[in-house]
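> Residues per chain are reported as follows:
There are 2 protein chains.
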Amino acid sequence: MRSKSRPDASVQPRSVGIVGAGQLARMLCEAASTLGIRTVVLASASDDAAVPAASDVLVGPATDPSALRALAARCDVVTFDHEQVDLDVVSELEREGIVLRPGVETLRVAVDKAEMRTRLAAAGLPVPAYEVLRVADLPTRGASELAAAIGTFAAVHGWPAVVKATRGGYDGKGVWRVDGEAAARALCDDTARGSSPLLVEAHVDIDIELAVAVVRGIDGSSLAWPAVETVQVDGVCREVRYPGRLDTDLARRAAAIAREVAAVVDATGVLAVELFASGERLLVNEIAARPHNSAHWTIEGATTSQFENHLRAVLGLPLGDTAPAAAHVASVNVLGAPSRAPSTLAGGSCDPMSAALAVRGAHVHLYGKTPRPGRKLGHVTVCGDDPEDVRARAWAAAQALGAPSPAPVLPGAP
Amino acid sequence: MRSKSRPDASVQPRSVGIVGAGQLARMLCEAASTLGIRTVVLASASDDAAVPAASDVLVGPATDPSALRALAARCDVVTFDHEQVDLDVVSELEREGIVLRPGVETLRVAVDKAEMRTRLAAAGLPVPAYEVLRVADLPTRGASELAAAIGTFAAVHGWPAVVKATRGGYDGKGVWRVDGEAAARALCDDTARGSSPLLVEAHVDIDIELAVAVVRGIDGSSLAWPAVETVQVDGVCREVRYPGRLDTDLARRAAAIAREVAAVVDATGVLAVELFASGERLLVNEIAARPHNSAHWTIEGATTSQFENHLRAVLGLPLGDTAPAAAHVASVNVLGAPSRAPSTLAGGSCDPMSAALAVRGAHVHLYGKTPRPGRKLGHVTVCGDDPEDVRARAWAAAQALGAPSPAPVLPGAP
Chain S
1012 MRSKSRPDAS
1022 VQPRSVGIVG
1032 AGQLARMLCE
1042 AASTLGIRTV
1052 VLASASDDAA
1062 VPAASDVLVG
1072 PATDPSALRA
1082 LAARCDVVTF
1092 DHEQVDLDVV
1102 SELEREGIVL
1112 RPGVETLRVA
1122 VDKAEMRTRL
1132 AAAGLPVPAY
1142 EVLRVADLPT
1152 RGASELAAAI
1162 GTFAAVHGWP
1172 AVVKATRGGY
1182 DGKGVWRVDG
1192 EAAARALCDD
1202 TARGSSPLLV
1212 EAHVDIDIEL
1222 AVAVVRGIDG
1232 SSLAWPAVET
1242 VQVDGVCREV
1252 RYPGRLDTDL
1262 ARRAAAIARE
1272 VAAVVDATGV
1282 LAVELFASGE
1292 RLLVNEIAAR
1302 PHNSAHWTIE
1312 GATTSQFENH
1322 LRAVLGLPLG
1332 DTAPAAAHVA
1342 SVNVLGAPSR
1352 APSTLAGGSC
1362 DPMSAALAVR
1372 GAHVHLYGKT
1382 PRPGRKLGHV
1392 TVCGDDPEDV
1402 RARAWAAAQA
1412 LGAPSPAPVL
1422 PGAP
Chain P
1012 MRSKSRPDAS
1022 VQPRSVGIVG
1032 AGQLARMLCE
1042 AASTLGIRTV
1052 VLASASDDAA
1062 VPAASDVLVG
1072 PATDPSALRA
1082 LAARCDVVTF
1092 DHEQVDLDVV
1102 SELEREGIVL
1112 RPGVETLRVA
1122 VDKAEMRTRL
1132 AAAGLPVPAY
1142 EVLRVADLPT
1152 RGASELAAAI
1162 GTFAAVHGWP
1172 AVVKATRGGY
1182 DGKGVWRVDG
1192 EAAARALCDD
1202 TARGSSPLLV
1212 EAHVDIDIEL
1222 AVAVVRGIDG
1232 SSLAWPAVET
1242 VQVDGVCREV
1252 RYPGRLDTDL
1262 ARRAAAIARE
1272 VAAVVDATGV
1282 LAVELFASGE
1292 RLLVNEIAAR
1302 PHNSAHWTIE
1312 GATTSQFENH
1322 LRAVLGLPLG
1332 DTAPAAAHVA
1342 SVNVLGAPSR
1352 APSTLAGGSC
1362 DPMSAALAVR
1372 GAHVHLYGKT
1382 PRPGRKLGHV
1392 TVCGDDPEDV
1402 RARAWAAAQA
1412 LGAPSPAPVL
1422 PGAP
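Same order as they appear, the protein sequences are chains S and P. Each number in my numbering corresponds to the 1-based position in the first sequence with 1011 added. Each number in my numbering corresponds to the 1-based position in the second sequence with 1011 added.
Do not rely on the hints blindly, as some may be mistaken.
[Unchecked claim] Just so you have them, the derived chain S footprint on chain P, three or more residues with Cβ under 8 Å:
1) 1331-1345
2) 1375-1386
[What the hints assert, rightly or not] With a straight-line cut-off of 25 Å between C-alpha atoms, the simulated SDA-like cross-links for lysine to any residue are:
3) S:Lys1380 - P:Arg1049
4) P:Lys1380 - S:Ala1084
5) P:Lys1380 - S:Arg1049
6) S:Lys1380 - P:Asp1087
7) P:Lys1380 - P:Gly1071
8) P:Lys1184 - P:Ala1154
In short, the hints are calculated from the structure, not lab data. C-beta atoms are modelled at their ideal positions from N, C-alpha and C, and glycine is treated no differently.
Model the full assembly from the supplied sequences, consistent with the hints where possible.
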């Protein structure tokens, strides 16, 4: 970070470079503009979601050292919209003195599920039983040997086993539930081609899925937003509820784990931790060392949003209050409709945007992305006093805008 | 507005053109990005405040027909950051079919104080006693004749009289308090050069200055945000307080007047009305047919901000809830420090931005403008339950960032 010790620092532009230009970058840019902070995004294409919101735009691959150097030359600090980076490349940039926040050691854990499991387990944090299967280390490097290793794991921990790609999975992609040896063999026939390790984990009987976002400053101080219940449909987060079905004790324990994870991986900025509640146990499922879908609700639902606090943290500024701003908050993702689906409101008297904005208190966020089936196009947040009313309104507005799926019925809901 | 009847309207870009690229345009762009709306600004210079926040930028004079046509060609609807437009030019554009919101007839009232007073008085709305002095109509067109006309007005309404330029005044500029005939003559020697009319008004003994923002849709429906107390120092708004010293009845009457003003001038979008409370009377002081400094508090302090609702209105979308989001809100402007002033925190251990963001719950907005003495560089909003605490925190953060003036002592404050 270039030092700027000019006297009127309040109005000197501070600038943040963002690797990637998806919706997370877009919402970072929106928060930055409010604070008078300049943004420059490294977009993969000129129609990426963050391009219209950024102060400045470069187009190039996130794995290209020269594109990353060009980005760094235009800003004080570099942060990330996604994990699709080349660790060798970013390590080299960090050695050159470019300030990356989070840094390479944090990214290493965030981009690789085997590394993440190993580091968290070593720190005594609760994770599902797991084993890293390194295909390249197997004597025959073959599918049958890999399937046998899954079987050996399942012999101890029981079927089904959960097999995960260690890199690149998201929204349920790269995660397979394997019910027995035949299924393991079928999966391994498909996946044992590469040399990337696989992770095999014990299946967890999930009572509630939850998430905690933490922001951690460069001085190691951290704050957690309240834990939220996340509602997944087909492996994709559809809804986030504060406080949802989380009781105070569960929420408190989850927040403590999440802050500990942030410390273990030495995070700077926002780190999101997704957890499973299973009986009395809380287990860490996934982590992301960046702003995360499970904390979009903080834009209207908390005193300081995850996006503003990520910027504050990576710029070394004081962290903002993470207290909730309402008794109940629901945030529902807007997903692209299946291509053969009729327009949501075909025959209706108004267009989808009008229908969504007619919902009282609906905070509509659209990312400017071209619709594709299942693609995350936006989200809607509603704050209020009545959890069912808040939930119903958020779903109504989100359904007007995107895929017309019904709100999932939650266990224990009235 | 070009008609776009494509089926998936929710994610089709809607676009708004903004004449001018100051902080109002910047905050419109921030709100637009959230809604997935594209913005294009017509900036007077490439370093205008809104340039980094807009999706697209044109640079040119706001009075140039070809620049305005180029703006209109890139968007669905044109709106305004300021009133420094040429009414003949915008009238011609409206005749050509370009959709201006607000339209020319509203702009005509908003840009000319004589027109505004005349229209509101004709509609029976409460305004100070006034007279329009048309220099060009005076037999000698001279300063002494103008001063005599002020004297004649004051003979009826008493000294002091308030003389105002009918065009181009803002932040106390173009407003003169005239205590007697000698002062009138001195003023007229300075001002009777042009052919623009002057307005002379009766002085009002002001108990409280207040403001109401209204948003009015293209169907004529309107909503008012709660009335706020405004605190002026040297003619410049320094602080806005919700609810401040306004009791429920006064706030209700002010909101009714403001909605009536919006109807009388046929506003589309946000219209701000500044009023004086004097004894039992409420009098309209100024109006602005655009988002306004007195309603910046709505970004965090109301369910829907003035910027989002202005966009909704000019695009023909449903208006959002204007209910307050907190019991008490204070918003304090950040003004540029006098050029000879030392840096606010010289010798302190942290920079101004850090000091401001360290204030709990301080929502800092900086507009990215080059500091000049007295220039509006940003604002800080704080929401909460205790009016004095909220006010103290907003001032603390604003003072860290800008001119180190003390918070004004309010009449009746503890």
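> Next, verify each hint and record whether it holds.
Cross-check of the supplied hints:
Check on the stretch 1331-1345 of chain P: 4 of its residues sit with their Cβ under 8 Å from a Cβ of chain S, so the three-residue criterion for coverage holds. Evaluation of the coverage hint for the stretch 1375-1386 of chain P: fulfilled, as 8 residues show C-beta separations to chain S shorter than 8 Å, against a requirement of three. Distance restraint check for Lys1380 of chain S and Arg1049 of chain P: the Cα-Cα separation of roughly 12 Å lies within the 25 Å cut-off, and the hinted pair is therefore satisfied. About 23 Å separates the Cα atoms of Lys1380 of chain P and Ala1084 of chain S, which keeps this hinted pair within 25 Å; it holds.
Among the hinted pairs, Lys1380 of chain P with Arg1049 of chain S is consistent with the structure: their alpha-carbon atoms are about 12 Å apart, no more than 25 Å. With a C-alpha separation of about 19 Å, the suggested pair Lys1380 of chain S and Asp1087 of chain P falls inside the 25 Å cut-off, and the hint holds. A distance of roughly 19 Å separates the Cα atoms of Lys1380 of chain P and Gly1071 of chain P; the hinted pair therefore holds under the 25 Å criterion. Between Lys1184 of chain P and Ala1154 of chain P, the direct Cα distance comes to roughly 20 Å. Compliance with the 25 Å bound is thereby established for this hinted pair.
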